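Based on the hints, put chains H and R in the right spot on chain S.
So the chains spell out like this:
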Amino acid sequence: MSEAIETTRNLARDRAVSSLAIQIGFRAGWFALTLLGAAFLVEVLLWASPGDPIDLLPNGEDLRPLLEREWGLDLPLAARFLRFVGRALQGDLGTSLTVHPGTPVRELVVDAWIRSMGLLVPSLLASLATALALAWWTAGTPSKLRGLVQVVSVAPVFLFAYLLVVGINDATFALLEGGYIDRPDWFALPDQPSWVRTALAIAAMAIGSGCLTELHAGSENELVQIRTSGFIDAVRARGGPAAPHVLPNLVAPLATLAAGRVGFLVGGLVVVEKVLLLNGAGALMWDACLKRDYPLAMGLAIAAAAIVALANLVGDLVRFSVDPRLRRRP
Amino acid sequence: MSRRPESVFLGAIPPALVLCAWGVSVLTDYDVVADVDPSRAGLGPSPALPFGTDHMGRDVFWRTVTASEAFVGPALVACAVALAIAVPLGALAGYSGGTTARAVRYLFDVVASVPRFVLVLLACMIYGSDPLVLATAAGASYAPGLGQAVYARLEALRGAEFVLAARAHGLSDARILGRHLLWVNCRRLVGRHLLYLFGFFLILETTLSYIGGFGIEEPQPSWGNMLAFEFGQHGMNPLATLVPAAAIWLTVLGTVIVADALAEPGDV
Amino acid sequence: MYDADYIAVDSLTVRAGEAVLVQDLSLRVNAGEIVALVGESGSGKTLTARSFLGLVRARPGVVAGHVTVAVGTELVRPHECTDDGDREAAFDRIRGRLVGYLPQDALGWLDPLWTIGRQVDEVVALASRGSSDRSVPGQQGAFHWLRLAGFSRPERIVSLYPHELSGGMAQRACIALALARGSRFLLADEPTTGLDPTVQQGILRQVLALKKRNIGILFITHDLRVVHRVADEVIVLKDGQVVDRFAGSSLGDARHPVTTRLLKATVRISGGPL
Chain S
1 MSEAIETTRN LARDRAVSSL AIQIGFRAGW FALTLLGAAF LVEVLLWASP
51 GDPIDLLPNG EDLRPLLERE WGLDLPLAAR FLRFVGRALQ GDLGTSLTVH
101 PGTPVRELVV DAWIRSMGLL VPSLLASLAT ALALAWWTAG TPSKLRGLVQ
151 VVSVAPVFLF AYLLVVGIND ATFALLEGGY IDRPDWFALP DQPSWVRTAL
201 AIAAMAIGSG CLTELHAGSE NELVQIRTSG FIDAVRARGG PAAPHVLPNL
251 VAPLATLAAG RVGFLVGGLV VVEKVLLLNG AGALMWDACL KRDYPLAMGL
301 AIAAAAIVAL ANLVGDLVRF SVDPRLRRRP
Chain H
331 MSRRPESVFL GAIPPALVLC AWGVSVLTDY DVVADVDPSR AGLGPSPALP
381 FGTDHMGRDV FWRTVTASEA FVGPALVACA VALAIAVPLG ALAGYSGGTT
431 ARAVRYLFDV VASVPRFVLV LLACMIYGSD PLVLATAAGA SYAPGLGQAV
481 YARLEALRGA EFVLAARAHG LSDARILGRH LLWVNCRRLV GRHLLYLFGF
531 FLILETTLSY IGGFGIEEPQ PSWGNMLAFE FGQHGMNPLA TLVPAAAIWL
581 TVLGTVIVAD ALAEPGDV
Chain R
599 MYDADYIAVD SLTVRAGEAV LVQDLSLRVN AGEIVALVGE SGSGKTLTAR
649 SFLGLVRARP GVVAGHVTVA VGTELVRPHE CTDDGDREAA FDRIRGRLVG
699 YLPQDALGWL DPLWTIGRQV DEVVALASRG SSDRSVPGQQ GAFHWLRLAG
749 FSRPERIVSL YPHELSGGMA QRACIALALA RGSRFLLADE PTTGLDPTVQ
799 QGILRQVLAL KKRNIGILFI THDLRVVHRV ADEVIVLKDG QVVDRFAGSS
849 LGDARHPVTT RLLKATVRIS GGPL
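Chains as they are written, first to last, in this note's numbering: chain S, 1 to 330; chain H, 331 to 598; chain R, 599 to 872.
A few of these clues could be false.
To be verified - Derived DEER-like restraints, expressed as beta-carbon distance ranges:
| id | chain 1 | residue 1 | chain 2 | residue 2 | range |
| --- | --- | --- | --- | --- | --- |
| 1 | H | Phe339 | S | Trp136 | 29 to 39 Å |
| 2 | S | Arg87 | R | Leu758 | 35 to 45 Å |
| 3 | S | Trp136 | H | Gly489 | 37 to 47 Å |
What the hints assert, rightly or not - Some chain H residues well away from chain S (every beta-carbon gap over 10 Å; in silico):
| id | residue |
| --- | --- |
| 4 | Cys350 |
| 5 | Gly372 |
| 6 | Gly374 |
| 7 | Thr430 |
| 8 | Leu449 |
| 9 | Leu494 |
Rather than coming from a laboratory, the hints here were simulated on the basis of the structure. Quick caveat: nothing in here was measured; it's all calculated off a predicted structure. Glycine is no exception: its CB is placed at the ideal position from the N, C-alpha and C atoms.
Here chain S stands alone, though its shape is the one from the complex (with noise of 0.2 Å):
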């Protein structure tokens, strides 16, 4: 469940080249070339289904001429895909079909991340906090509390969006009838923006699906090899704070840990915004892939291949500006 983990010790291991510069060159080369071959994996995903695509569309037959050439058809896959490249470094990703036809998807696209950046980045940072106040308080401990979390984490995202959603209304109903309280605005959720949907939705993310076990086993993991390493053992014996050394160490494996989780919170935004009824690029997702819109569901799909692959250079990025170790002076 830590590819990412994985991976970037992977790439640590192999020789650094010489300057920082050329470091994160190096990073952002292969950040490249990896969207690269998300986007051509999505083209590909949408062009070597066997049926025809424009069959499964609901005015298909109308637009077929239109289609046709603006998808390229004609072309062999390579060249279709070089075109779609072509464009989209010009900012081109097509028109939305479906969904908000006419409309182009750059744009729908890069609203919706926007407005999902509100729930995503609040998500990692709760729930890297909690992980590491918790695992600050009991690692090297035998504790309970590890197997506690996991009981919790466990509980897919929307199951925990549901039962939140569930025990808030049927309290309030309860209190209601019972005549406690009056009725509040944000009861049997309507459809306005509202900060307790928000709240929800973050809780759920940072918590569900595995997220909280696998940011608190790797903190107290981390903290544990740390506080145990020489160097404390040296602040100990000279009798200094150790937190001034334990912190800046935390630093590098814990953007590592966070960039890693980067792709399964995109995968609980898609959930817990539709479950919510919340209005980012998850829920304009499901209406891309429930109305068919080819142009926007893989402009949308991109884009979040492109904030992971951005999370894990992040991460990557931090390490080296952190760790004097794997920068080589020239």
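Relative to chain S, chains H and R alone:
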């Protein structure tokens, strides 16, 4: 979770029950349409109806049992798909090393960079949402994780003494790889990842069925759509909500506990 | 109040479960003296050193015996404290301030993310914190301690990171860190093990220089050759018990069988008489 035998035993119970339910469901006939009986809507548990009824009068117990068909079969297919893709590729990379390994790792990284749920959604959009598509997409999205793990294990073992000794004895590469490396050294690793995949597939199927559109449609039961169905029905029969929720939670938990027990020291 | 500063341990016994790791060990190091603690690996040398700082990690461990540290006007006897908190506080007064520790793995002793200069500065800052209750001979900066540790050009070292140091340089950096709080005593745990012979010479020269500055040193090693050149007193340990004790200069005389064996082994490796 501790790897005490008691916890593992307890953890194995829900998945075992699920498999039994699957067997029972496959062998028996539950008529999804005929079960509707509004006169007995929202009843609590009784000897005849162990979990009561939902708000359309359907037997919650039988729906829970039958819902296992929604994911067990396809989950096994997904495992087969992941196995078929990841193990040969991971083995190839781990055993040959060099450019082949780098190419395979690039392939894995590319597929892994697309979040699994997104990949599955795309596949459903393009190929329709029948269980086979779901299984293949889930298996393919899980393959990079499994492949990377196999690759890492084999790479660590590549220079190991017993490999050199086996070569010196004249054993063919295929036999070394197949028997000694993969079967003896990797089977726990592979088993563990496949268990995680099983749990992931359950989550996937129930999520899709809950949200609707893709996944299992009414009146066929799935724990996901049972939850969706009872949403908003205040307090008629709480078991109609709690039972599917508990079934999902406990099965995933059990699967993860058993899978964790297969972890070896030094595993990621 | 006292003739000389000293550190001592009386009847030290360390148990871990059923095993007795150190049995009834007593030793004393006076200021300006080098006492060598010699034995094979596992004979309890490191445990003895760590017990001076209350850092024995045997689990489940029982440590019995008395540690005494007398420096200037301070006399610290942690085992006379009945309360665990008081005892810990007593050891805190010893750690780094009165007695410094020089580890075996010098590189692992240094925080990989901090420059050497910053690490020494941190210890110097610690020294200035508690300076009101003790007569400190003026605050010395990082350069002073690095020079004391044997770096002729400390300005070149302060901006280096631990991974950029050689084994010998790392060991010297640890010496600076161990003494920078103004400790008068040093527990040196195998400081020359694993280093090149030329580098070993350098460290030994440094140790002798420290002795000249009246710093008392407990020198732990398994190599009797090294000890011959520096020690005033040699204590031989086997399986946690003291089996021999003699003055450093009289190494060549007939001894306890363990000592003789250690001597013979050393000679065989080096290929000639001491």
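| request: With 35 to 45 Å as the target window, see if Arg87/S and Leu758/R comply at their CB atoms. | output: violated (51 Å)
| task | Kindly confirm whether 29 to 39 Å is satisfied by the beta carbon distance between Phe339/H and Trp136/S. | result | At roughly 32 Å between Cβ atoms, Trp136/S and Phe339/H fall inside 29 to 39 Å, so the hint holds.
| query | Going by Cβ atoms, does Gly374/H stay more than 10 Å from chain S at every point? | reply | Holds, because the least Cβ-Cβ distance between Gly374/H and chain S comes to about 16 Å, which exceeds 10 Å.
| task | Given the range 37 to 47 Å, decide if the beta-carbon distance of Trp136/S to Gly489/H lies inside it. | result | Taking Cβ atoms as reference, Trp136/S and Gly489/H lie about 39 Å apart, which means the hint holds.
| task | May I ask you to check that Thr430/H keeps its beta-carbon over 10 Å from the closest beta-carbon of chain S? | result | holds (15 Å)
| said: Checking a non-interface call: every C-beta of chain S should be farther than 10 Å from the C-beta of Cys350/H. Is that right? | reply: holds (22 Å)
| query | Would you say Leu449/H is clear of chain S, with no C-beta pair closer than or equal to 10 Å? | reply | Not fine: 8 Å to the nearest Cβ puts Leu449/H too close to chain S.
| query | Regarding the assertion that Gly372/H does not contact chain S, is the least Cβ-Cβ distance greater than 10 Å? | reply | holds (15 Å)
| request: Against chain S, does Leu494/H hold up as non-interface, every C-beta pair farther apart than 10 Å? | output: holds (22 Å)
Taken one by one, the earlier hints fail for this structure at numbers 2, 8, listed in ascending order.
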